[in-house]
Amino acid sequence: MAIKQEASTRSSPKTTGGKENKTMERNKAEESMGVSLTKEKTAGFIQPKLEPSSMFFVQPSEQALTTASDQRKCFGLIETRGFLPLVIAADAMLKAANINLIRYERVMAELVAICVVGDISAVRIAVDSGIASAQNYGEVVASAVLSNPIPAVMEVLYHGYVNIKKEDLAPDWHSAIGIIETQGFVCAIVALDAMLKAANVNFSGLENTGAGSVVPIITGDLSAVRYAIEAGAEAAGRVGQVIATQVLARPQVTKEAVLPLSAANLSKLIPPPPAQPSLPHP
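In this text, residue positions in the sequence shown follow my numbering: the first is 675, and each later residue adds one.
Careful, some of the hints might be misleading.
What the hints assert, rightly or not - Label pairs and their in silico Cβ distance ranges:
{"id": "1", "residue 1": "Gln-809", "residue 2": "Lys-871", "range": "23 to 31 Å"}
{"id": "2", "residue 1": "Ala-806", "residue 2": "Ala-923", "range": "39 to 47 Å"}
{"id": "3", "residue 1": "Ala-806", "residue 2": "Gln-920", "range": "33 to 41 Å"}
Said to hold, decoys possible - Taking lysine to any residue and the SDA-like style, the derived pairs with C-alpha atoms no more than 20 Å apart in a straight line are:
{"id": "4", "residue 1": "Lys-871", "residue 2": "Thr-919"}
{"id": "5", "residue 1": "Lys-871", "residue 2": "Ala-905"}
{"id": "6", "residue 1": "Lys-769", "residue 2": "Ile-794"}
{"id": "7", "residue 1": "Lys-747", "residue 2": "Lys-871"}
{"id": "8", "residue 1": "Lys-769", "residue 2": "Gln-809"}
{"id": "9", "residue 1": "Lys-871", "residue 2": "Glu-829"}
{"id": "10", "residue 1": "Lys-769", "residue 2": "Arg-798"}
These are calculated hints, taken from the structure and not from any lab test.
Since the model is a prediction, treat every value here as computed from it, not as a measurement.
Don't be surprised by glycine CBs; every beta carbon is placed ideally from N, CA and C.
Let's have the full structure, built from the sequences with the hints guiding it.
See below:
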């Protein structure tokens, strides 16, 4: 993606030509990015001229996925409040190091995140460069560099949210369920990575509950789940905000259960009642 920066100049209200030029630039940006870069959103900053190539992060290309599979796995994540700082960060990252951009994640409450993959030195350089550039345009909420994440975390980063499926759960899933609620996508990924590395637990799902809250869920033996939750909360707290944690011992999950995650997905864990035999009509 190429982003050309042009210094913004204040035009006199009577100068119609300046207004027309700004309107044309904004329309081009909207066509290429699908967003509206209003004057209020970019007030006080250099207004970038966005080109169609900036659609690069909507879906990871086959080349990016193939190249990433051949590299030592290291992932870099940046999360910002607002879309424009994220675009600036992505552009700076791709220009700073030999990395591939594989994921764009939109969370509620104006939080958006990107994920890149490459060797560890390149990813660190890219993340540092992305943060430095994005901070000139808005707030960087969280960032992280994950070296050698386990397959479950890679699955989320490549393919998105993973809903709870009964067949994916361990036979002893009733022993305990562990839940960490975090603010934003990056914090949740850091928590998940730490939990799965800290103890012998199973990854059950990642839920976006709204209002910027993201919840990774694990299952397993009670002691392992407790240890994993502690490790996940500690790791997530270093990069962002941990809203709440909970360990449910021997949970009796029903359709009426009230938990800080998708009740619809939890209800799928409960088999439907057996069909009642139909009675013959008299």
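To see whether the hints hold, each was checked on the structure:
Take Gln-809 and Lys-871: their Cβ atoms lie about 30 Å apart, and the range 23 to 31 Å holds. The hinted window of 39 to 47 Å between Ala-806 and Ala-923 holds, with their beta carbons roughly 45 Å apart. Checking the proposed 33 to 41 Å range against Ala-806 and Gln-920 shows it holds: the Cβ atoms sit about 37 Å from each other. With a C-alpha separation of about 18 Å, the suggested pairing of Lys-871 with Thr-919 holds against the 20 Å cut-off.
A distance of roughly 9 Å separates the Cα atoms of Lys-871 and Ala-905; the hinted pair therefore holds under the 20 Å criterion. As the CA atoms of Lys-769 and Ile-794 are separated by approximately 16 Å, the hinted pair is consistent with the 20 Å bound. Taking the CA atoms of Lys-747 and Lys-871, the gap is about 15 Å. The hint holds against a cut of 20 Å. The straight-line distance between the Cα atoms of Lys-769 and Gln-809 is roughly 17 Å, inside the 20 Å bound, and the hint therefore holds.
Distance hint between Lys-871 and Glu-829 is fulfilled; the C-alpha atoms sit about 15 Å from each other, no more than 20 Å. At most 20 Å may separate the alpha-carbon atoms for a hinted pair to count; Lys-769 and Arg-798 meet this at roughly 13 Å.
The structure fails none of the hints (numbered hints given earlier).
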